[in-house]
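Asks: Each chain is listed here by its residues.
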Amino acid sequence: MSSRWIRNLHQVLSIAGKDTRIYFFKGPNLTFGLFLPLVLYWAFALDRKVAPDVIVPGLVAIAIFFGSGAIQAVSLPLERRTGTMHTLLAAPVTPLVIVLGKALAGLAFGLVLASVYTAVMLLFLPLRPNLILFSLAAVACSCCFSAFGLCLAVPFRDIPQAMPPATVVRIAMVFLSGAFAPLESVSPSWLFVARLLPLTYAVDGLRQAVNGPTSMRAFTVDLVVLLLYTVAFLGITAWLLKRKND
Amino acid sequence: MNDAIQARDLTKCYGDLLAVDRASFAVRKGEIFGLLGPNGAGKTTTIRMLTGLTRPTSGTALVDGLDLARDPLAAKERIGVVSDVASLYDELSAWDNLQFVARLHGMSKERRLGRAEELQRLFGLYDRRHHRAGTFSTGLKKRLLIAAALIHEPQILFLDEPTTGLDIQSSRLIRGLIGELTGRGVTMLLTTHYIEEADQLCQRIAILNRGQIIAIDTPERLKSLVQEEKVIQVSFDQPAGRVARQIQALDHTERAVISGERVTLHVRDPAQVLPLIIDLARECQLKVVSLNTTRPTLEDAFVALTGLRPEAMTTEHSPLEHQEGER
Numbered sequence: 001m002s003s004r005w006i007r008n009l010h011q012v013l014s015i016a017g018k019d020t021r022i023y024f025f026k027g028p029n030l031t032f033g034l035f036l037p038l039v040l041y042w043a044f045a046l047d048r049k050v051a052p053d054v055i056v057p058g059l060v061a062i063a064i065f066f067g068s069g070a071i072q073a074v075s076l077p078l079e080r081r082t083g084t085m086h087t088l089l090a091a092p093v094t095p096l097v098i099v100l101g102k103a104l105a106g107l108a109f110g111l112v113l114a115s116v117y118t119a120v121m122l123l124f125l126p127l128r129p130n131l132i133l134f135s136l137a138a139v140a141c142s143c144c145f146s147a148f149g150l151c152l153a154v155p156f157r158d159i160p161q162a163m164p165p166a167t168v169v170r171i172a173m174v175f176l177s178g179a180f181a182p183l184e185s186v187s188p189s190w191l192f193v194a195r196l197l198p199l200t201y202a203v204d205g206l207r208q209a210v211n212g213p214t215s216m217r218a219f220t221v222d223l224v225v226l227l228l229y230t231v232a233f234l235g236i237t238a239w240l241l242k243r244k245n246d
Numbered sequence: 001m002n003d004a005i006q007a008r009d010l011t012k013c014y015g016d017l018l019a020v021d022r023a024s025f026a027v028r029k030g031e032i033f034g035l036l037g038p039n040g041a042g043k044t045t046t047i048r049m050l051t052g053l054t055r056p057t058s059g060t061a062l063v064d065g066l067d068l069a070r071d072p073l074a075a076k077e078r079i080g081v082v083s084d085v086a087s088l089y090d091e092l093s094a095w096d097n098l099q100f101v102a103r104l105h106g107m108s109k110e111r112r113l114g115r116a117e118e119l120q121r122l123f124g125l126y127d128r129r130h131h132r133a134g135t136f137s138t139g140l141k142k143r144l145l146i147a148a149a150l151i152h153e154p155q156i157l158f159l160d161e162p163t164t165g166l167d168i169q170s171s172r173l174i175r176g177l178i179g180e181l182t183g184r185g186v187t188m189l190l191t192t193h194y195i196e197e198a199d200q201l202c203q204r205i206a207i208l209n210r211g212q213i214i215a216i217d218t219p220e221r222l223k224s225l226v227q228e229e230k231v232i233q234v235s236f237d238q239p240a241g242r243v244a245r246q247i248q249a250l251d252h253t254e255r256a257v258i259s260g261e262r263v264t265l266h267v268r269d270p271a272q273v274l275p276l277i278i279d280l281a282r283e284c285q286l287k288v289v290s291l292n293t294t295r296p297t298l299e300d301a302f303v304a305l306t307g308l309r310p311e312a313m314t315t316e317h318s319p320l321e322h323q324e325g326e327r
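Here the protein sequences come in this chain order: A and B. Position one of the first sequence corresponds to residue 1 (our numbering), numbered consecutively onward. Position one of the second sequence corresponds to residue 1 (our numbering), numbered consecutively onward.
Hints are computed from structural coordinates only; laboratory data are not their basis. The beta carbon of each residue, even a glycine, is placed where N, CA and C say it ideally should be. Treat each hint with caution, since some may be false.
To be verified - Over the 12 Å line for every Cβ pair with chain A, so calculated as not near, a few chain B residues: (1) LYS29; (2) ILE151; (3) LEU181; (4) VAL243.
Unchecked claim - Okay, the calculated bits of chain B under chain A, using three or more residues with CB under 8 Å as the criterion: (5) 47 to 55; (6) 90 to 103.
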């Protein structure tokens, strides 16, 4: 690896480490990562019979979806409002390195949440996920939703500005993606929209990891789609960040 | 090559607004160069283009011979930036902030630990190195920001309004540090709207107004542009406002500025005007408390060149004015 790559890797790790220290325990992260998925689950499951093998993978996907993105909804606008983004951009650091560092912090937060939910599954529910597949799916989900969170937050300079549109988009995606109910019974137009959403592939991947894969090919497709979305979101965010400062 | 910084026809437009219009100048190695102008003159935009924080609409910015558009990372390794809108992380300690910036510059652990300690001692921050930056006063935060900009030992430092909003003690300390850095061979480009600060610190000054550079020279040469004009300062025992009309109408007077009991008259020949002032004081029953003639200041040169009143620079008072007032 060339010295430039090693240096970029150190910069990414430094930014991720700094974000982890500063933003991990901010209120919105806990609200969005832990409490909001549970509230949504409770609201949906009230007075309905829902099987844990259907609902729990969806719940984990939503927790990662909100949690990984929440750290970005705090960190990116805050850095721009307080002026610390200037300090980052004045250093010999590319916008892509900044974005990767922040995405890595979101990924870490997503994995912490996934671990919490996995522990709950193993300790209190009759579910026995394939831990290798579940870990792969959780990493792919965390990468994708961390990058998605950055993409939603980059246009804004303030947390109150950044949160409402991001929350509206996320909640719409939750109900369209089949997180609470399988997509087999929905209309073709709904299915078409659902297939455009990364959360659909996250839910499907986690469901296969918990219940056993329908086929390894289907599971691999889920992971590949999530990683392609990750690359696209990271690229768009780096481009927007650069444009914002021009 | 003797130029550390070069601006060649730098232009920046934000939509229809022309923020900087073909700014061209060069800063020699080891020089302190000032960009002086009122708020909105284009100083900060110029510094942002020279530090790679914003892309020029046209023109070229070079630092240490490197084109910021072509090689921004190599150029940024050679410079330190203290922007008036930049800040460090309130949640991290002073020490951790410096370590974080040092890591971004790819410094080795040994080098960054030594350098952070050296700078914190130099800037009087060492005793508070483990305190969170959020608990610091504005002056301490500015010192920490300058220390962070110097952590990788750049030979070129950009300072955007380094003393704006600071108390007298911090302003004085930062001006002292700027002087000390010159002794170490660091080239500095600073922006300020404090005329006295530019006069005191800078070896050369570019005066900006409405995005255009209207003069570049040493403070002494800029003053000599209005050398034929002399200044008489007279203080009365009571406010001079009540005789403002008579003062403005004095013969041989270019212009008069009344500030409380003090009147500043810009004249061609003081010998002709001094008797008129004494006569006016006698007629209006005012006592002359003090009377002296002075050379034109940089402020006079600024007013002559820009056509702006000094108050247009800012609504804030210069820290130097406060200091002088307290003596």
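Asks: Now tell me if each hint is right for this structure.
Replies: Taking the hints in turn, this is what the structure says about them:
Against chain A, the non-interface label of B/LYS29 holds: every CB pair exceeds 12 Å, the least being about 21 Å. With a least CB separation of 10 Å from chain A, B/ILE151 falls inside the 12 Å interface cut-off, contrary to its annotation. The beta carbon of B/LEU181 is kept farther than 12 Å from every beta carbon of chain A, the shortest such distance being approximately 18 Å. Every C-beta of chain A lies more than 12 Å from that of B/VAL243, the closest at about 49 Å, which supports listing it as non-interface.
Three residues within the 8 Å Cβ limit are the bar, and the region 47 to 55 of chain B against chain A gives 5, so the coverage statement holds. Figure legend: the region 90 to 103 of chain B, annotated as covered by chain A; annotation consistent (6 residues with Cβ-Cβ distances under 8 Å, at least 3 required).
Figure legend: structure checked against the earlier numbered hints; the only hint not met is number 2.
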